[in-house]
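Enquirer: As given, the protein sequences belong to chains B and A, one line each in that order.
Using our numbering, the letters of the first sequence map in sequence onto residues 1402 to 1680.
Using our numbering, the letters of the second sequence map in sequence onto residues 28 to 464.
Hints were generated in silico from the structure; no laboratory data involved.
A hint or two may mislead.
Claimed, not checked - Covered stretches of chain A, going by a simulated chain B footprint (3 or more residues, C-beta under 8 angstroms):
1) 193-205
2) 349-356
3) 389-396
4) 399-410
What the hints assert, rightly or not - Per label pair, the in silico range of CB-to-CB distance:
5) A:HIS322 <-> B:ALA1489: 54 to 60 angstroms
6) B:LEU1675 <-> A:SER414: 19 to 25 angstroms
7) A:GLY138 <-> B:GLN1446: 58 to 64 angstroms
As the list claims (entries may be wrong) - Listed next, the in silico DSSO-like pairs over lysine-lysine satisfying Cα-Cα at most 30 angstroms (straight line):
8) B:LYS1468 <-> A:LYS91
9) B:LYS1468 <-> A:LYS378
10) B:LYS1566 <-> A:LYS401
11) B:LYS1605 <-> B:LYS1468
Note that beta-carbon positions come from the ideal geometry of N, C-alpha and C, so glycine has one too.
Here's the letter readout for the chains.
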Amino acid sequence: MKSENPEPGPKYYLRIELYHRLVHGVLMASFLGLAATGMPLRFGQSTWAIELTRAVGGFGTVLVLHKIFAFLLTLCFLLHVGYIFYLAFVRGEIGVFWGPTSTVPQPKDFLEMFQHFRWFFAMGPKPQFGRFTYWEKFDYWAVFWGMAIIGTSGYVMWFSSFFGKFLPGWLFNIALLIHADEALLAVWFIFTIHFFNSHLRPEKFPIDLVIFTGRVSEEELQKERPAEFERLSGEGTLEAIQASAPPLWLKNLGRLIGFSVIVVGFLLFGLTLLAFLSE
Amino acid sequence: MDSKDASGLYRTILMKPGKHLLRSSIFIIALFLFPALAEPQTVSQEVCLSCHGAPGLQKVRQGKSVSLHVEAEKFSRSVHAPLGCAVCHSDAAKIPHASELKPVQCAACHGNTLQAYAQSVHGKASAKGDGDAATCSDCHGRHDILRTKDPNSQVYPLNLPRTCGACHGDPELARRHRIPVTNAYQLYMDSIHGRALTKSGLLVAANCVSCHGSHGIRPSNDPESKVYRTTIPATCGNCHAGIHTDYFEGVHGRSVKAGSQVAPVCIDCHTAHEIRRVEMEAWKLEIVRECGSCHRESLRTYRDTFHGQVTSLGFARVARCSDCHGSHRILPASDRASSVAPVNLVSTCKKCHPEANENFVRFLPHADPSDKQKNPGLYYAARFMDSLLVGVFLFFGIHTSLWMFRSTMAGWRRKPPDEREEPVEPDKENGDEERKP
């Protein structure tokens, strides 16, 4: 790696803005909270579920907590959607919907997935990933779809008296089924696939701190997202996002939060899997 | 008790062999009314007590010391006090009496009671020589027998459980005699009946005798027993008359009346000895499982709903079986009077959901996602969610496994110098290994 910069030490670039990191933090906390307060109900026959509910202070408390976390997550969702609309229609950055910086799947994502599979079998080089890889886009849309479907079904059940005025009662049955199954899918996906793809694979193990620090080194950017590096260099915007090295306290805070979440996530994954298999 | 024993009884009373029954009876009544009549043939109570009144008087029988002491004070208060000693201990009417007296025969006076006792589980066991089986004195006492209504009597309602519990609170004894309930006394004392009796001192609270009878107690598998399966509703109904009526109007009661041996009777839900308050959370939750022990499919589908999940977690705040179906007077949905009949659904749901309407009650409290005919919407939603779950994890399971494998291999094979990690050259690694030993 040759650096044009005469300064010593690697260069860092801002990859995730503070706003997004904060929203992700609230998302993470509310997701964990929802999983911890929702899964006991889904697996109500398990000892751990019963004990956990008792420890928290009973089902009434669990339900209240679940609704608080649900409200927080809804807030995240609305903040994010609002932000997208602000970007697109106030700042006129239509690129948020299509192009190299968009999270919307592009033809090149399918190509990169194919190339990635070829690389898995050592049949070709690693794809030239851009700002968002295809698995990151899947994560994004999975969470987006998940929030929409779990949220909608959740609110239908929460305000069943209201919705019962114009919806047939059997929709509540479907709402619970979708709510629970989609939640299980989300919990298992995040606590296995997302953990692995973003943190636990050998290149990142044990944790990728970028979601906490927001910064990547030039070397990392070049190696992992060559297309993005090319684009930024070509546009000449690379300098604009140059940042200082992440401070140690931030890295440690990230590690503390990250490892805690991974431990809690694995625990929930293990318990729910065990309960699922013994059903 | 056979005829040989019975004739022996009269012998005992009259001290003359082979006398006529009528004459014996008259004599006994006469003895009761005029104790003095016995005078010429018996020694007085004072004479008996001159020896037996001494505390510590005892003898050794079959290697065990047996007290011969009679507490004069207690005897004087007993219901039998006017009879004196010799009516029961006829062979001690003259002194010196034999060193070994015959057992006292209560049936000489209490003939009807003995008949019932002889048919009872205790009487039969006793006739077989079972020393553990309760005899008259085990429940009523010996020299201190009081009237049943006397608060100090061993068989006074408030004292009775303790008396029965002397044996039926002993698990060891229960095992020895294969009595299915090994700790009936302990269970009863904790039950709503036991508490009503001990804590509130209610004479009307059911005690052992209320359900099992007294002298004619029969085992529960005896069709003559008060606690025989299909007789239980009538036995409980002696006190719980209103419930009795409701129960026999409901499906379970009707089945029992029609001769069903499997339809639930009172004790299946409420248990026999450990009957608890129905307001207790634990009982409320157990009862759901109890219904499900017959209605398996209904319990399974109930557990898939919010109601079922919450009760499974241990909280009875939501609808349980009885909240919708009723408890004693359960009627099929086809009956217009049933709480789950279509015409009554709105009012039944309204008990918890005040805003329930015709739309709302189309909720399926026993939804089965695998039933395509009944619940097509739920069926297809479930199939879609299943496919999504399987699809996502199949794809990403393979994707992640391949990635893991490839990255690990890549990491092992070559560590390019521009990797962030400390470059480890193969020869250096070898060098380390060589240095180790």
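Enquirer: What hints, given by number in increasing order, does this structure fail?
Expert: As far as the earlier hints go, 1, 2, 8 and 11 are violated by this structure, in ascending order.
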